[in-house]
Amino acid sequence: MQLTKTQAALIAFKNFVIQQSRTRLSKGRKNVSKELYNSLKGNVKEMPNSISVEFEMEDYGVFQDKGVSGTKKKYNTPYSYTNKMPPSKPLAQWAKSKNIRLRDKEGKFKKGNYNTIGFLIARSIYRKGIKPSLFFTKPFEQAFKKLPDELIKNFGLDVEDFLAFTLKEDRLR
Numbered sequence: 045m046q047l048t049k050t051q052a053a054l055i056a057f058k059n060f061v062i063q064q065s066r067t068r069l070s071k072g073r074k075n076v077s078k079e080l081y082n083s084l085k086g087n088v089k090e091m092p093n094s095i096s097v098e099f100e101m102e103d104y105g106v107f108q109d110k111g112v113s114g115t116k117k118k119y120n121t122p123y124s125y126t127n128k129m130p131p132s133k134p135l136a137q138w139a140k141s142k143n144i145r146l147r148d149k150e151g152k153f154k155k156g157n158y159n160t161i162g163f164l165i166a167r168s169i170y171r172k173g174i175k176p177s178l179f180f181t182k183p184f185e186q187a188f189k190k191l192p193d194e195l196i197k198n199f200g201l202d203v204e205d206f207l208a209f210t211l212k213e214d215r216l217r
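The numbering used here applies: residue 45 is where the sequence shown begins, and numbers increase by one.
If you're looking for bench data, these hints aren't it; they were derived computationally from the structure.
Note that beta-carbon positions come from the ideal geometry of N, C-alpha and C, so glycine has one too.
Where hints are given, some of them may not hold.
Simulated restraints, written as ranges between beta carbons of each label pair [stated by the list, open to error]: (1) K116 with R73: 18 to 26 Å; (2) M129 with K189: 17 to 25 Å; (3) P131 with E98: 24 to 32 Å; (4) T115 with M91: 16 to 24 Å; (5) S77 with K149: 27 to 35 Å; (6) F188 with W138: 32 to 40 Å; (7) E150 with K117: 30 to 38 Å.
DSBU-like cross-link-like pairs, simulated, lysine-lysine; straight-line CA separation at most 30 Å [to be verified]: (8) K78 with K140; (9) K71 with K85; (10) K128 with K118; (11) K190 with K128; (12) K172 with K89; (13) K190 with K154; (14) K140 with K49.
Based on the provided sequences and hints, a complete structural model is requested.
Put into structure tokens, the structure is as follows:
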């Protein structure tokens, strides 16, 4: 039995979640390098006895979505910094790409020591954590609430098509 209408409903679900997640990333200013934005993908797989929807994204996307509690500031999240700071090297590279520099006491820019800036940002993240953005969770939950009704309707239509096809085949014999 071909589940074309059911599969179409799941593909629409997948597309909605990805589109809304990307929108929330951009509006939440979490789309600096577009790496996470571009890594958001979904796949609807049809197997002989089942159908599934899978989503993928960069590993750090989970931490951006759910957040990470710091040592000083806590969030409602399963992740936390306890004894290890985030790596400072990628943060130093980010600061360099954004031309973030330190100033001296007179307010003049210092010559770029981006490793120091990376360390300072990493220490701040370690203490304050990463606030949950729910860029993926909210669109997923929103679409999931609508999904059962659509699936039941479309699965029913697929069954009707299958029965109509089966009965037509029986008449021809």
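Worksheet item: Taking each numbered hint in turn, which are not upheld by the structure, reported in ascending numerical order?
Response: Failing hints, ascending: 2, 4, 11, 12, 13 and 14.
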